[in-house]
Each structure stands twice: as structure tokens, then as C-alpha cells.
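Asker: The residues making up each chain are set out below.
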Amino acid sequence: MDTLPEIRKSVQLGYSEKVAEHTMQAIDGAVDAQRILDEGLIAGMTLVGEQFKAHEIFLPDVLMAAKAMHTGLDLLQPLLVKEGIPPQGKVVIGTVQGDLHDIGKNLVGIMLKGAGFEVIDLGNDVTPERFLEAAAEHEANVIGMSALLTTTMPAMKKVVELNKRGKPAQVFKVIIGGAPVSESFAREIGADAYGFDAASAVDRVKDLICED
Amino acid sequence: MNELLNVTAEQVLPDVAAVLAGQGVPPGTGVAEDVSAAGKTSLELLKKHAVPAGIVRPVARDVFAEIYRGEGRNEPHTPVGDIFPRGENLALFAVTLGDRVGQIIKELFGSNDFALGAMLDSAASVAADRLAELAERYFADALAGAGKLAPGSAVLRYSPGYCGWHITGQEKLFEHLEPGKIGVSLNESHLMQPLKSVSGVIISGPAEIHDFCNTYPLCGACKTGECRRRIRGLLAK
Numbered sequence: 002m003d004t005l006p007e008i009r010k011s012v013q014l015g016y017s018e019k020v021a022e023h024t025m026q027a028i029d030g031a032v033d034a035q036r037i038l039d040e041g042l043i044a045g046m047t048l049v050g051e052q053f054k055a056h057e058i059f060l061p062d063v064l065m066a067a068k069a070m071h072t073g074l075d076l077l078q079p080l081l082v083k084e085g086i087p088p089q090g091k092v093v094i095g096t097v098q099g100d101l102h103d104i105g106k107n108l109v110g111i112m113l114k115g116a117g118f119e120v121i122d123l124g125n126d127v128t129p130e131r132f133l134e135a136a137a138e139h140e141a142n143v144i145g146m147s148a149l150l151t152t153t154m155p156a157m158k159k160v161v162e163l164n165k166r167g168k169p170a171q172v173f174k175v176i177i178g179g180a181p182v183s184e185s186f187a188r189e190i191g192a193d194a195y196g197f198d199a200a201s202a203v204d205r206v207k208d209l210i211c212e213d
Numbered sequence: 699m700n701e702l703l704n705v706t707a708e709q710v711l712p713d714v715a716a717v718l719a720g721q722g723v724p725p726g727t728g729v730a731e732d733v734s735a736a737g738k739t740s741l742e743l744l745k746k747h748a749v750p751a752g753i754v755r756p757v758a759r760d761v762f763a764e765i766y767r768g769e770g771r772n773e774p775h776t777p778v779g780d781i782f783p784r785g786e787n788l789a790l791f792a793v794t795l796g797d798r799v800g801q802i803i804k805e806l807f808g809s810n811d812f813a814l815g816a817m818l819d820s821a822a823s824v825a826a827d828r829l830a831e832l833a834e835r836y837f838a839d840a841l842a843g844a845g846k847l848a849p850g851s852a853v854l855r856y857s858p859g860y861c862g863w864h865i866t867g868q869e870k871l872f873e874h875l876e877p878g879k880i881g882v883s884l885n886e887s888h889l890m891q892p893l894k895s896v897s898g899v900i901i902s903g904p905a906e907i908h909d910f911c912n913t914y915p916l917c918g919a920c921k922t923g924e925c926r927r928r929i930r931g932l933l934a935k
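Residue numbers (our numbering), protein chains in the order written: chain A, 2 to 213; chain B, 699 to 935.
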């Protein structure tokens, strides 16, 4: 039996136990780890993302699928490390200084991991300097910032300004999001992209990395 | 009037539909069994771990004017700035669900139980808002009991961090309210801890003082239009 479609389907349906079972079968059957990741787990989450964007399913369904995906990913991780398979890219994320609301940021992190990115989550109330230090330290491709309060949005501008003052090799792409944030605000402060929701944030990050 | 609210978790628990609505699921939409089960579990967790508490303290209008001025960082023209001078009775308030709920949410996300964590977060947000509504009602009842609520009066709450009342306004509000009594404090960024807390001012007066149009300069950046929903709800009472 080809286990990859089974993994995809089980991720899509949010069946964690089935994902674990089929992922183990694939590993035991010596299926290439990169294929298990790309054609099984990530492909399953991609379908989920498409369904979410088409309003066919809702956030809880996506999160159930993400849990299932992570179950498989945890089993696969040692193989990925052993075989030196790189992530799709690295993204440093956090909620900006002054803001403690991190659910939205967490959702973006979950979706990014589901799409095969390595996510460095700095948590909430993150200073502008910390965003840039972490991005440099982890050689990230993208910095993702979230804010829930209008009063904390100026902190995003600060990060963008500090980033642009950096050495060329240490200037990172920046994506912003959060309830009060808009596309026009992103343009106004010079951010590279705006994520309307977690699913679109993943698409924008992919675009930014392709431009990189 | 006793300043401290006596509230149980049951009094502020939302229903599963409200939790799902917080997750973007429209009312009446059929959901998978495991999603519905997670919604119910989130409410059980909230009931078990929420420790609701609240404090309401009447404040004179001139004292509130000083509190509202805060650190001078409000927008120049705001709804609260126009409403409170016409208010008849004002009270400061703070409510909280306690810090355990926030810890449980973090733990759920840490163990990859994302759906349950997000649902508990939604449930707690709705519950905190209901708790603030109870504080508002508590003040209204106290006014009515003292014969200070004239016919046609309406009571509505406003919070720093919204509608041009700068978040730094929390500092003066906290100085006067002392919500440490219910375990709420401010961090360096003027945000409340525990996170699932609400603070602000409750203003009573003729209903029309609360009926403002969302045409203030600051309204252009607002994506929620939440004020209109609240005003409609108030005027419908």
C-alpha cells in the first residue's frame, strides 16, 4: 500500500493516530524522508490550507489537522535531521513589544510549520532589537510580527526601520499581521508583506522566500 | 456599595456556539464531532480553572477627567472624551478570570493541542467580556437602588487601548482603582496581567450620550466597528 496518500488524507481529516500509524509504516518501509514530508505531511496541510481559504472548513478543522501533522512530523524529525534535509525556510515570529496577545501569532507559526518552515517563536512582548538579533542568529529568511492593539502597531515600524539600517546581508524580509493591521499600514511602514490571516501569511512568506 | 464583585465561573460561561463563533464558525454551521467535543472540553476547562473576580469603584467626573488625561497620549478627539463630561455617574472597574486559564492555554499549545487551546482562548475572551458586562450591570443596579438612574438612562463601559484612549491611561486608572485587590497588575507596557482581564470606566447618563458615529479621525484605522454593535445593543434595551 502506498502510505503517502494515506498520510495526506489522515492529515486532512485531522486523524492524529492514523497519521502516526501511516508515517511509521512509511518510515519502516524505507520511504524517503523528504517524500514523507513533502508528499505526505506538507501536501496534507496544503490541502487543508486550500480548503480553509475556500471557506470549506473552519479554523478548528485546520488546527485539528495541524495537530495530526505535528504527530507525524515528530516521528519524522530524527530522520530529517539525520539526512540533513533543510526546511523550506526559516521564519522568526513574535508579538511586538507591548503586546501580550499571542494566539494569532501561534496560529501563523502552526501553519508555517505545517508548510515545512522552521519557525523560531520569540513569544510576546518582543523588543525590536530582539527580532533582529534572533533573525541574524538563526539566519532567518523572514521576520513575522503580530499585534492586536492599535497602540502597539508603531513597534512594527520600529523593527522595519532598524532592519533597513542593517548590513545588506542582515536585512530580512518582513511580514506583519494582526487584527488592527492592514495592507495599507504594511505599505506605509515599509513592510514587505501583510498576512490577512494565518493561511494567507503562509502564502506571503512563500512569495517572500521566492523573491529572496 | 461593596466594591468587590462576587461572581462564579458558571455565571460567565459562554455556550459552545459562542466559542465556535470566536473561531470563525458561523452560527448554525454543522461541525465535525471532534470539533464540537473540543468546544465542550474548552468550557469544562474554563469552568474548572477560571477564578472570576471584579472591582467597581465610583469616581467623580473631575477625578476621572484627570485619570482620562493619563500621560497625555490620547487622540485629540475621542468618543470617551466627548461622552464622560455628559455622564451623570461614573465608576472605574477591572475584572479578571485569574491567571490559571492563560497557563492552561499555553500548555495546550505547547502539547500541540492547538484546537483546544484556541477554543479555550476564545471561550475565555467571551467570558471576560461577560464578566465586564456583569460589572456594568452591578454598577447600574447600585445606581438604580440609590435612585440615581433616571428613566431613559443607559450605562456603558469603555476601556483604555480602544477608540483613542491610549493604553498608557491604564496607569492612572490603576492608581485610583487598586485592582491588585483582585490580583490584576500592569506590566511595563501597561498591559494587564492576567491577560484575560478587562478594565475601564462605566458611564451612566442619558442613552443618547453613548450614541456616537464612527466618524472620528481615529475610526479610519478601525477594522471592527465593534462600537456600533454595542451602541445598537444599548439602544435596543
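Keep in mind that the hints were calculated from the coordinates and are not lab data.
Any given hint could turn out to be false.
Chain A stretches covered by chain B per the calculated footprint, using a threshold of three residues with CB under 8 angstroms from any CB of chain B [as the list claims (entries may be wrong)]: (1) 41 to 51; (2) 85 to 96; (3) 106 to 115; (4) 132 to 142; (5) 178 to 192.
Below, in silico cross-link-like pairs of lysine to aspartate or glutamate (DMTMM-like), each with a Cα-Cα straight-line distance of 25 angstroms or less [to be verified]: (6) K83(A) - D29(A); (7) K19(A) - D39(A); (8) K746(B) - E805(B); (9) K921(B) - D193(A); (10) K921(B) - D39(A); (11) K54(A) - E731(B).
Computed from a prediction, not measured in an experiment: that's the story for all the values here.
Glycine residues also receive a C-beta, built at the ideal position from the N, C-alpha and C atoms.
Asker: Against this structure, judge whether each hint is valid.
Answerer: Do the hints match the structure? See the list:
| no. | hint | in the structure |
| --- | --- | --- |
| 1 | 41 to 51 | violated (count 0) |
| 2 | 85 to 96 | violated (count 0) |
| 3 | 106 to 115 | holds (count 3) |
| 4 | 132 to 142 | violated (count 0) |
| 5 | 178 to 192 | holds (count 4) |
| 6 | K83(A) - D29(A) | holds, 15 angstroms |
| 7 | K19(A) - D39(A) | holds, 18 angstroms |
| 8 | K746(B) - E805(B) | holds, 15 angstroms |
| 9 | K921(B) - D193(A) | holds, 21 angstroms |
| 10 | K921(B) - D39(A) | violated, 37 angstroms |
| 11 | K54(A) - E731(B) | holds, 22 angstroms |
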